[in-house]
Amino acid sequence: DMNRTGVPLIEIVSEPDIESPAAAGAYLRKLRAIVRYLGICDGNLEEGSFRCDANVSIRLKGSRELGTRTELKNLNSFRFVEKAIEYEISRQKDVLMDGGTIVQETRLWDSTRNQTFSMRGKEEAHDYRYFPDPDLLPLVIDAGWIERLRQSLPELPDARRARFVEQYGLPAYDAGVLTSDRDLADYFEFCVAEFPQPKAASNWVMGPLLGLLNAQGIAIDQSPVAASTLAGLLKLVESGAISAKIAKTVFD
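Going by my numbering, the residue at position 19 of the sequence shown is 476; the numbering climbs one at a time, nothing skipped.
These are calculated hints, taken from the structure and not from any lab test.
A couple of the hints might just be wrong.
Computed list of lysine-lysine pairs in BS3-like fashion (alpha-carbon distance at most 30 angstroms, straight line) [what the hints assert, rightly or not]:
#1 Lys487 <-> Lys530
#2 Lys692 <-> Lys705
#3 Lys656 <-> Lys487
#4 Lys702 <-> Lys656
#5 Lys530 <-> Lys518
#6 Lys518 <-> Lys487
#7 Lys705 <-> Lys656
Computed beta-carbon distance windows for the label pairs [what the hints assert, rightly or not]:
#8 Thr525 <-> Val682: 23 to 31 angstroms
#9 Met663 <-> Gly496: 42 to 50 angstroms
#10 Thr525 <-> Asp640: 36 to 44 angstroms
Virtual Cβ for every residue (Gly too), placed ideally from N, Cα, C.
Sequences and hints are given; from them, build the entire structure.
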């Protein structure tokens, strides 16, 4: 789809399968990793490149039917998604336990007060007055073209994580951290290509390097220490030219 300024827009609507705030956060983090690996979105939540509207409904234990839902609009951080859903579940429980009813509405998250508040009543589908647009032609997508695209997809996060465990012998935790971001995974592989000791490289990338980047608030692709430079430093430690302690000082 294209929005009104001609910017490509994808809206993904999940089934009501997510049963906890933590699962919602995990789902969104994985989805963000996928679109970043595909190179179709920078995944920046604060700037609005990647947003979440969370529909929340609860049901009595043992019941299969979900209750009335509320929509939490424009959540722009994974932490806020989890906290807002957790609050909304608790709020809806309190309303029902007090004999009240849940109103279908759109709510916003107040990160200062850590609570949701009503934005507007939520209309039913017919209230949106949808109608066919005569200027929009039907779009027919060839199945063969879809399959060719499927075959040309890059290695996605789950596959790359599994390969890091198998190829480099890394613990699952290390592989998960390193493949959480495509640029970070590339950095690690560039480093290992010149210094083929994966665990040692992983320790430095996940420790001093990420610590430095987080402290300065910069992304891996802006790192002042190139992968080849880090590999050269690790070679000096391996050769005994400098100690690991001195290497940390040199790195800083």
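Checked against the structure, which of the hints given earlier come out wrong?
-> 8 and 9
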